[in-house]
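Make the full structure from the sequences, and use the hints.
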Amino acid sequence: MEPIIQISLDLTNIDEALAVAHAAVRAGVDWLEAGTPLILAEGLHGVRALRREFPDVPIVADLKTMDGAGLEAEMMFQAGANMVVVMGQAHDASIIEQVKMAQKYGGKVMCDVMLCPD
1 MEPIIQISLD
11 LTNIDEALAV
21 AHAAVRAGVD
31 WLEAGTPLIL
41 AEGLHGVRAL
51 RREFPDVPIV
61 ADLKTMDGAG
71 LEAEMMFQAG
81 ANMVVVMGQA
91 HDASIIEQVK
101 MAQKYGGKVM
111 CDVMLCPD
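With our numbering applied, the sequence shown covers 1 to 118.
Incorrect hints may appear among the rest.
What the hints assert, rightly or not - DMTMM-like mimics (lysine to aspartate or glutamate), calculated; alpha carbons at most 20 Å apart, straight line: (1) 64 / 10; (2) 104 / 74; (3) 64 / 2; (4) 64 / 92.
Said to hold, decoys possible - Pair by pair, the computed Cβ-Cβ distance ranges are: (5) 68 / 8: 38 to 46 Å; (6) 3 / 114: 18 to 26 Å; (7) 1 / 57: 17 to 25 Å; (8) 67 / 43: 14 to 22 Å.
Keep in mind the hints are simulated off the structure, nothing from the lab. We put the CB at the ideal spot given by N, CA and C, even for glycine.
See below:
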């Protein structure tokens, strides 16, 4: 398996995020991550703007979801994300709901294992 290079767009302004994303894609980055700060600042607009600018590049929505996972995942998939992030410490029911939405929309779920025991 070839390594995948992902850049986290942890910015609070969509114009800056798009400029960095364009430079990153030109440099060979494989995946664009709508980082948590971008999602908090720009919401679904940020994910939609990335999808509009980069129709063929996988987009990760780093929600860091703990609860409300199904609804949040559905919103991000509808906005154009290919993958969503759930926290590994989330309740199993939250993780399952996110996986169900990923299956419904043909997306994927990443699990952030920050603070999870080894």
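So which of the earlier hints does this model not fit?
Of the numbered hints, 3, 5 do not hold.
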